[in-house]
Amino acid sequence: QAKFKKVAGAGNKDLAALAKMGLASVYEATNRDLDAINIYNELIKKPTQSVSSQSAQFALADLYARKDPAQAKRIYDQLALDKSPAVAQLAKQRQGATKQ
Numbered sequence: 001q002a003k004f005k006k007v008a009g010a011g012n013k014d015l016a017a018l019a020k021m022g023l024a025s026v027y028e029a030t031n032r033d034l035d036a037i038n039i040y041n042e043l044i045k046k047p048t049q050s051v052s053s054q055s056a057q058f059a060l061a062d063l064y065a066r067k068d069p070a071q072a073k074r075i076y077d078q079l080a081l082d083k084s085p086a087v088a089q090l091a092k093q094r095q096g097a098t099k100q
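So in this note's numbering the end of the sequence shown lands on 100, straight run, no missing numbers.
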């Protein structure tokens, strides 16, 4: 966790974004969902070459799928409209797998 935080605060935006994704995963694994949600939302608002907005949205939706399926479905619905066919297809698959 400390190493992720150090790299996340570094000057290289791409490395920092990857570290933030790692840190958010650690937070999820340690039941600090609110911290993970905050990081994912930050990455959605400020995507980089290494972490796209869509990647952060999928991670956020996956987190919500466990505890708030309706919120996960809203995110997947938005991603299903993405201009990238691969993103839209994956979102549609995950929509179907999300329990309401």
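Be a bit skeptical, because a hint or two may be false.
Per label pair, the in silico range of CB-to-CB distance [said to hold, decoys possible]: (1) A97 <-> N12: 26 to 36 Å; (2) N41 <-> A88: 33 to 43 Å; (3) L15 <-> G96: 17 to 27 Å; (4) S84 <-> D62: 16 to 26 Å; (5) P85 <-> R32: 10 to 20 Å; (6) N12 <-> P69: 34 to 44 Å; (7) L15 <-> D35: 31 to 41 Å; (8) E42 <-> A70: 33 to 43 Å; (9) R74 <-> L34: 29 to 39 Å; (10) A88 <-> E42: 17 to 27 Å; (11) Q95 <-> P47: 19 to 29 Å; (12) K83 <-> T30: 12 to 22 Å; (13) K45 <-> L81: 31 to 41 Å; (14) G96 <-> N12: 34 to 44 Å.
In silico lysine-lysine, DSS-like type, Cα no more than 30 Å apart, as pairs [claimed, not checked]: (15) K73 <-> K92; (16) K13 <-> K83; (17) K45 <-> K13; (18) K46 <-> K13; (19) K67 <-> K83; (20) K92 <-> K67; (21) K46 <-> K92; (22) K45 <-> K73; (23) K46 <-> K67; (24) K73 <-> K46; (25) K45 <-> K67; (26) K83 <-> K45.
Calculated from the structure, these hints are not laboratory results.
Even glycine gets a Cβ: it sits at the ideal position worked out from N, Cα and C.
Each hint, compared with the structure:
1. A97 <-> N12: 26 to 36 Å: 35 Å, holds
2. N41 <-> A88: 33 to 43 Å: Cβ of N41 to Cβ of A88: about 22 Å, so the range 33 to 43 Å is violated.
3. L15 <-> G96: 17 to 27 Å: 35 Å, violated
4. S84 <-> D62: 16 to 26 Å: 18 Å, holds
5. P85 <-> R32: 10 to 20 Å: With Cβ atoms ~35 Å apart, the hint is violated.
6. N12 <-> P69: 34 to 44 Å: 36 Å, holds
7. L15 <-> D35: 31 to 41 Å: 20 Å, violated
8. E42 <-> A70: 33 to 43 Å: At roughly 23 Å between Cβ atoms, A70 and E42 fall outside 33 to 43 Å, so the hint is violated.
9. R74 <-> L34: 29 to 39 Å: About 18 Å separates the Cβ atoms of R74 and L34, which means 29 to 39 Å is violated.
10. A88 <-> E42: 17 to 27 Å: With Cβ atoms ~24 Å apart, the hint holds.
11. Q95 <-> P47: 19 to 29 Å: 22 Å, holds
12. K83 <-> T30: 12 to 22 Å: 35 Å, violated
13. K45 <-> L81: 31 to 41 Å: 19 Å, violated
14. G96 <-> N12: 34 to 44 Å: With a Cβ separation near 38 Å, G96 and N12 satisfy 34 to 44 Å, so the hint holds.
15. K73 <-> K92: The hint holds at about 10 Å.
16. K13 <-> K83: 25 Å, holds
17. K45 <-> K13: 13 Å, holds
18. K46 <-> K13: With a Cα-Cα distance of about 10 Å, the restraint between K46 and K13 holds, given a limit of 30 Å.
19. K67 <-> K83: 28 Å, holds
20. K92 <-> K67: Satisfied, since the Cα-Cα distance of roughly 19 Å is no more than 30 Å.
21. K46 <-> K92: It holds: about 24 Å lies between the C-alpha atoms, which stays within 30 Å.
22. K45 <-> K73: Answer holds: K45 to K73 is near 19 Å, not above 30 Å.
23. K46 <-> K67: 25 Å, holds
24. K73 <-> K46: 22 Å, holds
25. K45 <-> K67: 23 Å, holds
26. K83 <-> K45: Between K83 and K45 the Cα gap is close to 18 Å, so the pair holds against 30 Å.
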